[in-house]
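Chains as they are written, first to last, in this note's numbering: chain A, 1 to 112; chain B, 1001 to 1114.
A portion of the hints provided could be inaccurate.
[Unchecked claim] In silico DMTMM-like pairs for lysine to aspartate or glutamate, Cα to Cα no more than 25 Å straight-line:
| hint | chain 1 | residue 1 | chain 2 | residue 2 |
| --- | --- | --- | --- | --- |
| 1 | A | Lys99 | B | Asp1064 |
| 2 | A | Lys99 | B | Glu1058 |
| 3 | B | Lys1065 | B | Glu1054 |
Honestly, the hints are just simulated from the structure, not real lab data.
Note that the coordinates shown come from a computational prediction; the quantities given were computed from them, not determined experimentally.
Read off the chains here:
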Amino acid sequence: SQQGEEDPQALSIQEGENATMNCSYKTSINNLQWYRQNSGRGLVHLILIRSNEREKHSGRLRVTLDTSKKSSSLLITASRAADTASYFCATDAQGGSEKLVFGKGTKLTVNP
Amino acid sequence: SAVISQKPSRDICQRGTSLTIQCQVDSQVTMMFWYRQQPGQSLTLIATANQGSEATYESGFVIDKFPISRPNLTFSTLTVSNMSPEDSSIYLCSTLARRRNEQFFGPGTRLTVL
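Start from the sequences, fold in the hints, and give me the full structure.
Laid out in structure tokens, this is it:
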């Protein structure tokens, strides 16, 4: 089964800096989603990027997708202390499966 | 996006007992999913719950341990049976925003088994 892998596993930056997290996966996908989780609470949906899209923006978030390399990146610009959280990528499978496979996540700490 | 609530938000249970977690969605949805997140780990899909049919379990999860009900299009329950400390996890339900293929999650139930 496919599995997303994020790197780095942990990232610590100062407020105002940009944070980049990467995700790799193994099989073909329909789309890839990024989520945020604060302190072991529920997941907040950030952005979905489809397999025919290369880049997507939402506020301070920028997501790229390279299907040839089976990888995606999440960039958070001008980070804030409130961005401190774990970030997960999740992929589904072509063939219409709605099941998601999650990566291991990146724990981001933004220091004030 | 769908608004999803879960009850209880957290519980501490004794070994050998069972806990039923409820998931309520504010709109009718076809598919609901149950995930487990063990401490410090990522999410793993337990099963897919469709209304009117048996839940479909992923490898490593069985109905006797995690029975699921799906009585209507807005509600589902997951029971964690005969609990052991290894069942201590966050359990999350989710559903699809069909038109956009986005999957939304409930706030989770943090379970601690002593």
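Hint consistency between B:Lys1065 and B:Glu1054 [alpha-carbon to alpha-carbon, up to 25 Å] = Holds - the C-alpha atoms of B:Glu1054 and B:Lys1065 are around 15 Å apart, at most 25 Å.
inquiry  = Would the hint linking A:Lys99 and B:Asp1064 be met if the CA-CA limit is 25 Å?
reply    = holds, 22 Å
message = Would the hint linking A:Lys99 and B:Glu1058 be met if the CA-CA limit is 25 Å?
response = holds, 10 Å
Of the hints listed earlier, there is not a single one the structure fails to meet.
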